[in-house]
Every structure is written in structure tokens, then in C-alpha cells.
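Each protein sequence line maps, in turn, to chains A and B. Mapping of the first sequence onto the working numbering: residues 1 to 74, in sequence order. Mapping of the second sequence onto the working numbering: residues 75 to 424, in sequence order.
You may find that some hints are simply not true.
[To be verified] If you anchor each label on the Cβ, the simulated ranges turn out as follows:
hint	chain 1	residue 1	chain 2	residue 2	range
1	B	Asp373	A	Gly54	55 to 61 Å
2	A	Gly54	B	Arg305	41 to 47 Å
3	B	Ser293	A	Lys25	34 to 40 Å
4	B	Ser307	A	Gly30	47 to 53 Å
5	A	Gln62	B	Lys255	43 to 49 Å
[Unchecked claim] If the Cβ cut is set under 7 Å, some of the chain B residues that face chain A in the computed set are:
hint	residue
6	Tyr111
7	Arg133
8	Asn134
9	Leu137
10	Ala140
11	Lys146
12	Leu147
13	Ile149
14	Asp151
15	Glu155
16	Gly338
Hints listed in this document are in silico derivations from the structure and should not be mistaken for laboratory results. Values in this document were obtained by computation on a predicted structure and should not be read as measured data. We treat Cβ as the ideally placed atom computed from N, Cα and C, and that holds for glycine.
Residues per chain are reported as follows:
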Amino acid sequence: MSEFELDARRMLCPMPVIKTQNKAKELQTGDILNVICTDPGALSDIPAWARINGHEFVGHDQQDDELIITIKIG
Amino acid sequence: MAKQHKAVALISGGLDSMLAVRVLQEQGIEVEGINFYTGFCVEGHTHAIRNHDKDKQKRNNALWAAEQLGIKLHIVDVIEEYKDVLLNPKHGYGANMNPCLDCKIFMVSKAVQWVTENHKNGFDFIITGEVIGQRPMSQRKQTMPIVAHESGADDILLRPLCAKNLPATKPEIEGWVDREKLYNFSGRNRKPQMALAKAFGFSDYASPAGGCCFLTDKSYSDKLVDLWKGRGSRDYDMDDIMLLKVGRHLRPKPDYKLIVARDGGESKFLQGYRKQLPSIQVISHNGPLTLVDGSFDSDDYQTAAGIVARYGQGRDYDEVEATVTIPGQDVVTIKVKPLTSEQVREEWHV
Chain A
1 MSEFELDARR MLCPMPVIKT QNKAKELQTG DILNVICTDP GALSDIPAWA RINGHEFVGH
61 DQQDDELIIT IKIG
Chain B
75 MAKQHKAVAL ISGGLDSMLA VRVLQEQGIE VEGINFYTGF CVEGHTHAIR NHDKDKQKRN
135 NALWAAEQLG IKLHIVDVIE EYKDVLLNPK HGYGANMNPC LDCKIFMVSK AVQWVTENHK
195 NGFDFIITGE VIGQRPMSQR KQTMPIVAHE SGADDILLRP LCAKNLPATK PEIEGWVDRE
255 KLYNFSGRNR KPQMALAKAF GFSDYASPAG GCCFLTDKSY SDKLVDLWKG RGSRDYDMDD
315 IMLLKVGRHL RPKPDYKLIV ARDGGESKFL QGYRKQLPSI QVISHNGPLT LVDGSFDSDD
375 YQTAAGIVAR YGQGRDYDEV EATVTIPGQD VVTIKVKPLT SEQVREEWHV
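Extracted from the complex, chain A is given alone in its bound form (with noise of 0.2 Å):
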């Protein structure tokens, strides 16, 4: 299992959620990825995304403005 970090800071959804997706198609199941986004829909989105994936939503973290979404690869 290993760790994963993927920048979308100042992209408007569903930019965060696409390269989520792409990014998570890379992982391996139980890798973990945290998005750091700054579009507070993405707390939203990025969520509902894993749910219908098979994925799990670990939970997230807000620093200022930055959003840190973590996700557990399904």
C-alpha cells in the first residue's frame, strides 16, 4: 500500500473529480490518494465519485483555503 498526492488547486469541478479518476486508474487497491483542491464543491463530488466507484472516502482536511480530500483505492 502505498501513498499518493495529486494537485488540483484552482480547478473548478469537475476538473478535481476527472483527474481523480484518472489518477486512481494508475493505483493499486488499498493505495491511498489525499487531492488537495481548492474548490469547495469538491468535498462534494469527490466523495459522491468514489462512492459509485468502489471506493472509500477516508475523510478530509481543510488548511486556509486548501481543501485535503482523502481516498482509499477500491
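Please arrange chain B on chain A, whose structure you already have, making use of the hints.
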């Protein structure tokens, strides 16, 4: 055991595509969704930049719809490929810069490509939520066969909501889908869709299709045409698409335009572009961050900053102080007289 046939559905996030999927699911067909992001798609978030939109629901309608339907959703970035559709539409534009028919053909052709790539996983056909007569350009009885033919989908394109008004498609002929359980909706009256939504228990759904693309919006289309005119070429990139959605746009000279934030939310969003584009900010009073797009030099500072000052709290003062920041250069501080409302000419507004 009979083969399980699967369909891929074009999901916009609106009610019609949700209904089309559920109609097939009721027949035991496994469906996955596909959604194409052209850059011009209207989402709640794109409106949520402004302060007064902060309370709007922040969700991507296609993802939300997929979750309600219990289907997987593949979101595909087609921004680059879509340029050719927008710049060279074979079937022309609608009322604004919306190439609806070419857009539909393009999206169905991309779905054909997806089905071909995923045929080994059981995907055989495509469904859409189209209804005859619903849209003036892309959803007419005459254009439905054009979409099927020019996309390359032909008889594997099924429109469950109006299938009974159209020739039978392969999924119906082969018996994968029971044509009798499909629908014959037509026209702009949405009561049949509302009734079906109620029957399926859909109580919350995005506004009916149509308001899903910025290109159908006159103000947005005008800004896009102005951008091309200002640059002398019909091209754009992702940042252009985004910036056309934000702020008040004024072009005091053919060479450059100003993008003036309308509130704190937009100022914050435009901050992200300060390393790429020149910017103007009144510093002696509160005022909007403004980006400058185009060819801009020191001869333009007074006029440009005077316009910017007009939209800040120093508008009634004889003089305000402003900074002009050009990426990679020292910040220049100037004193400027705010323009009056009469001096900000009507024709400057894009």
C-alpha cells in the same frame, strides 16, 4: 444462459437522462453512465464563485444523478477535442454560439468509441434521454436520424423516452429490450416526464435539460466572440473558458479587456490568475481585483485604473491610489481619478 446486455448512458445530470436509465434498469439492463466535460458545462459550482451563491447546493449533477441511480459514472475530459466542434460546426450554431446538433453527434460518437472499447465487458448499446421535439436544434424528428448516423451509432442508439416514435433499434429488434415498455414522449410539454419521475420516486432532480451549457447563454457567447475578435484568432484554452464565466468584462481598447470582480468571492477566484495576467487593485479604498487580458502598457494605466476605481468604494473621491502588477515586473503604484458612470462608455461593456 442468455448473455447479459449492458448499456452506456449519456448522463447530463438532468431528469431525462435519469428517467432513460431507470426505464432500462426496470427491464433488468445493467447501465453505466458517461459524462463529457467540454468546459462549457454549467454546474452549481461554477455559479458558486460569487458571494451570494455561497449557499447554493455544491454538487455535480451528473455524479449526483448516477448515485441516485446506483450506476457507475465515467467523466471524460473532452475540452481539447471539443474545440473543433465549437469552432467548425458542420450543422451551424443555434441562437448563440451553441453548436447543439454537432455537440450531440460528437458526444454520441465518443460513446460509440467507449462501447467499442468496452464491448468485451458486455456493453452493446447506447442510451440517451432525448425526446423528440424537446430541443429546437438537436432533438427534432429530422435530426434524430442524423445524430444516429453521423455519430456512427446507427441502430445501437436507443432513446427510451421516445423510442416508440422512432424506428426500432437493434436492442429492440434483438429482444434485449422490450419495446412495449419504452415510451413515446414528444414535444416540450414535460408533464409526462414529471409523471414518470413521480412513478419512479424521483423527488429531487436538476432543472430540465437546456440550461446545461454556457454556449446557449447570450451574454457568455458575446464574451467568447469578443475574445476571438480581440485576439484576432478563434481559439481558446481552459483558463479563457473559466474567466468568461467570472466578473464584469470591459474592453476600453481593442487591444485589451478588463475582468472586474463583482464581489469578494470573484476577487478571491481571480487572485489565482495574478501570476499569469496583469492585474489592477485600488489600495487606498476597498475595491475589486481586476485582471487585464491582452496587450497592455503604461499608456493604458490611467484609463484602466480609472475604470477599476469606478467599481470600488473610492468612486466618489477626486483621486485614489492603485497598483498595477505585471507578472515578472515590479509593482507600479499610481494615483488616478475614478471615472464617472458616464465616462465608462456603454460600448466598452462586453
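Now for the hints, and whether the structure bears them out:
The supplied range of 55 to 61 Å is met by aspartate 373 of chain B and glycine 54 of chain A, whose beta-carbon atoms lie about 59 Å from each other. The given range of 41 to 47 Å is respected by glycine 54 of chain A and arginine 305 of chain B, whose C-beta atoms sit roughly 44 Å from each other. The hinted range of 34 to 40 Å is satisfied by serine 293 of chain B and lysine 25 of chain A, whose Cβ atoms lie roughly 38 Å apart. For the hinted restraint 47 to 53 Å between serine 307 of chain B and glycine 30 of chain A, the CB-CB distance of approximately 48 Å keeps it satisfied.
About 48 Å separates the C-beta atoms of glutamine 62 of chain A and lysine 255 of chain B, a value consistent with the hinted range of 43 to 49 Å. For tyrosine 111 of chain B, the shortest C-beta to C-beta distance to chain A is roughly 6 Å, which falls under 7 Å, so the interface hint holds. The interface hint given for arginine 133 of chain B holds, since its Cβ lies 5 Å from the closest Cβ of chain A, which is under the 7 Å cut-off. Residue-level restraint check for asparagine 134 of chain B holds (minimum Cβ-Cβ distance to chain A is 5 Å; threshold 7 Å).
Of the supplied interface hints, the one on leucine 137 of chain B holds, with its beta-carbon coming within about 4 Å of a beta-carbon of chain A, less than 7 Å. Annotation: interface hint on alanine 140 of chain B holds; nearest CB of chain A at approximately 5 Å, less than 7 Å. Satisfaction of the interface hint for lysine 146 of chain B is found here, the shortest Cβ-Cβ separation to chain A being roughly 6 Å, below the 7 Å cut-off. Nearest Cβ of chain A to the Cβ of leucine 147 of chain B: about 6 Å, under the 7 Å cut. The hint holds.
A distance limit of 7 Å between C-beta atoms decides the matter here; for isoleucine 149 of chain B the minimum to chain A is near 5 Å, and the interface restraint holds. Restraint check, aspartate 151 of chain B versus chain A: the minimum CB separation of about 5 Å is within 7 Å; hint holds. For glutamate 155 of chain B, the interface hint is violated, since its Cβ never comes within 7 Å of a Cβ in chain A; the closest pair sits about 14 Å apart. Hint on glycine 338 of chain B is violated. Least Cβ distance to chain A is approximately 13 Å, over the 7 Å limit.
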